[in-house]
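Asker: So the protein sequences, as listed, match chains A and B. Using our numbering, the first residue of the first sequence is number 1, and each one after it goes up by one. Using our numbering, the first residue of the second sequence is number 459, and each one after it goes up by one.
Hints listed in this document are in silico derivations from the structure and should not be mistaken for laboratory results. Computed from a predicted model, the values in this text were never measured in an experiment. Please note that a few of the clues may not be correct.
Unchecked claim - Listed below are the simulated BS3-like cross-link pairs for lysine-lysine, each with C-alpha atoms no more than 30 Å apart in a straight line: (1) B:Lys510 - A:Lys209; (2) A:Lys209 - A:Lys26; (3) A:Lys190 - A:Lys26; (4) A:Lys458 - B:Lys510; (5) A:Lys209 - A:Lys190; (6) B:Lys510 - A:Lys26; (7) B:Lys510 - A:Lys216.
Unchecked claim - Away from chain A, derived, C-beta distances all over 12 Å, residues of chain B: (8) Asp462; (9) Gln466; (10) Ala487; (11) Arg488; (12) Ser498; (13) Glu519; (14) Asp520; (15) Tyr521; (16) Pro522; (17) Asn523; (18) Glu532; (19) Leu535; (20) Pro536.
Glycine is no exception: its CB is placed at the ideal position from the N, C-alpha and C atoms.
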Amino acid sequence: MRYDTVIIGAGMSGLSAGVRLAYFEKSVCILERHTTIGGLNSFYRLRKRNYDVGLHAVTNYAEPGTKQGPLSKLLRQLRMKWEDFDLRPQLRSSIVFPDCKLHFTNQFNFFVEQIAAAFPHQIDGFRRLVTRIAEHDALDLERSALSARQVVSEYIRDPLLVDMIFCPLMFYGSATPRDMDFNQFVIMFKSIFHEGFGRPFDGIRLILKRLVRHFKSLGGHLKLRAGVQEIRQTNGKATSVLLDDGTEIEADNILSSAGAAETMRLVDPHAPLMKAQPGDISFVESISVLDCEPASLGHSDTIVFYSDSKDFHYERPNVPVDLRSGIVCSPNNFDYSQPLEDGRIRITALADPHYWLNLPEEEYLAAKEYWNAQIINSAMKHLPDFRPHVVDTDVFTPRTIRRFTGHLNGCVYGAPEKFVNGQTSVRNLYLCGTDQGFLGIVGAMLSGITIANRYLLK
Amino acid sequence: MTSDHIRQVILEILERIAPDEDLTDLDDARPFREQMELDSMDFLDIVMELRKMYRIQIPEEDYPNLNTMAGTVEYLLPRLKDVAVGA
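Make a model of the complete structure from these sequences and hints.
Answerer: Structure, rendered in structure tokens:
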């Protein structure tokens with residue numbers, strides 16, 4: 001078997017790249033080790049209920065028909081329609097720190113007014129920062145790294161406001177502890193504060209299933225349960241992949257969304273040709289299913305980003321779960337035309353991957369249960385006590401993430417060092433997805449599209 | 459294909475690439491980019507759609523010819539004259 005391009009991973013980036021290539025009549029095959037599509041943003045069914053794996057919200061929200069911005073760009077590139085994503089806007093989200101609360105919606109001016117009211121001495125600096133962000137071309141693939149904290153501190157003097165701005169951006173997309181690359185900061189700032197959150201009524205499965213249907217209708221091949229154990233090369237040029245079952249598939253190009261370090265291990269498990277370190281930022285998430293809408297208990301925020309300490313600590317904790325900060329997401333609190341089937345509260349907190357990955361199997365379940373209770377308990381400052389309404393619970397940990405994505409440390413946002421131009425040390429082997437560097441759901445899709453356009457459509 | 463046919467093909471391509479644009483008042487003499495939101499990714503897609511439809515290769519140095527509808531039609535006319543309509 002021989003293809004123009006073989007894509008490793010049927011997540012958002014791999015599927016989007018596949019659609020581009022198939023649309024322009026390239027022969028393309030997507031290989032996915034797992035039994036289902038989605039990767040980091042997948043979905044599952046448990047005890048007769050539907051769950052999303054990672055999704056809190058799709059960032060980069062835009063009203064249907066908008067002609068500019070990343071979402072519009074990617075719909076055009078994929079030849080898909082606004083209805084295919086069916087994004088409904090968030091109601092309102094909050095950033096909550098000790099003695100200070102900022103709200104934001106998908107209307108950026110509302111956030112500016114919030115900052116002006118809470119930080120009157122910082123608002124001019126904030127406005128200048130917004131101008132700097134607007135002028136920054138974050139899609140430039142030949143960029144160099146720059147500390148976002150350093151740039152932001154040139155405009156904003158109050159460390160509390162700095163941390164409050166960084167908190168949602170780091171939680172939703174930073175592979176690096178404590179600081180972000182300024183480019184990444186700009187991408188996240190625009191996607192969360194300027195554009196905002198949305199969610200399809202049916203969750204992430206809707207987008208994934210439409211992508212797959214589109215890909216197949218264009219003649220693309222998708223193989224599930226097809227794990228790649230080796231990427232073969234001749235004279236520094238990738239030539240084929242060897243599957244777990246021993247099948248070899250030849251290709252002119254290989255595009256991998258498996259992660260930079262993970263991909264290079266497939267090329268040569270013993271002597272990685274490229275310095276690529278897997279990241280170690282990961283999370284534990286507590287998912288509670290309620291017998292009522294969270295709003296009926298008085299919780300109508302879409303997402304709450306909180307830190308109970310004045311300094312926001314975004315790093316791998318030296319305890320199993322860092323209870324000082326977290327994210328509360330209710331998928332119910334979007335502007336739908338009808339209510340979801342049941343109430344949901346998802347609470348996410350930073351976790352130590354080493355603890356969770358090394359825990360003996362017989363202690364794992366008890367640890368999940370214990371930390372689930374702890375996470376909920378610590379989030380009680382920020383939402384009404386929903387515990388009497390819980391009808392089912394699920395918890396994911398770094399161990400879950402590693403099992404389903406193959407990311408070495410169960411890291412969610414990939415390696416701290418990104419490979420923005422998508423190239424590797426092996427010719428005809430390219431990277432897309434998390435480690436290429438555009439994050440979030442829309443970012444992942446744009447990553448696949450951008451790398452496909454740049455190298456694979458010639 | 460005649461000029462009219464080619465113009466129609468280009469309109470259909472633009473509709474596929476930018477379905478949210480209203481193209482009814484498109485001025486053939488003015489650059490596309492002044493009249494619609496068309497970035498470099500979209501522009502390349504026009505070239506690629508033409509390649510997909512008619513197997514026509516347009517070298518990069520010729521791209522400036524495709525900035526307006528009138529220029530695009532003029533550029534394509536001799537290259538597509540032997541192509542049957544609907545092909």
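Asker: Take a quick look at asparagine 523 (chain B) and tell me if its Cβ sits farther than 12 Å from every Cβ on chain A, holds or violated.
Answerer: holds, 21 Å
Asker: Are all C-beta atoms of chain A more than 12 Å from that of aspartate 462 (chain B)?
Answerer: Its Cβ never comes within 12 Å of chain A, the nearest being 25 Å, so this holds.
Asker: For lysine 458 (chain A) and lysine 510 (chain B), compute the direct alpha-carbon distance and say whether it is at most 30 Å.
Answerer: Holds, because 12 Å separates the two Cα atoms, which is no more than 30 Å.
Asker: Would the hint linking lysine 510 (chain B) and lysine 209 (chain A) be met if the CA-CA limit is 30 Å?
Answerer: holds, 26 Å
Asker: Minimum Cβ separation between arginine 488 (chain B) and chain A greater than 12 Å?
Answerer: holds, 17 Å
Asker: Is it the case that leucine 535 (chain B) keeps its Cβ farther than 12 Å from each residue Cβ in chain A?
Answerer: holds, 24 Å
Asker: Non-interface claim for alanine 487 (chain B): all C-beta distances to chain A beyond 12 Å?
Answerer: Given a closest Cβ separation of 22 Å, the condition holds.
Asker: Has the given pair, lysine 510 (chain B) with lysine 26 (chain A), been kept, meaning a C-alpha gap of at most 30 Å?
Answerer: It holds: about 10 Å lies between the C-alpha atoms, which stays within 30 Å.
Asker: Tell me if the straight-line CA distance from lysine 209 (chain A) to lysine 190 (chain A) falls inside 30 Å.
Answerer: holds, 27 Å
Asker: Check the non-interface label on proline 536 (chain B): least C-beta distance to chain A beyond 12 Å or not.
Answerer: Given a closest Cβ separation of 25 Å, the condition holds.
Asker: Beyond 12 Å on every Cβ pair: is that true for proline 522 (chain B) relative to chain A?
Answerer: At about 20 Å from chain A, proline 522 (chain B) clears the 12 Å cut-off, so the statement holds.
Asker: Is the Cβ of glutamate 519 (chain B) farther than 12 Å from every Cβ of chain A?
Answerer: holds, 16 Å
Hints 3 and 12, counting from the list given before, are not met by this structure.
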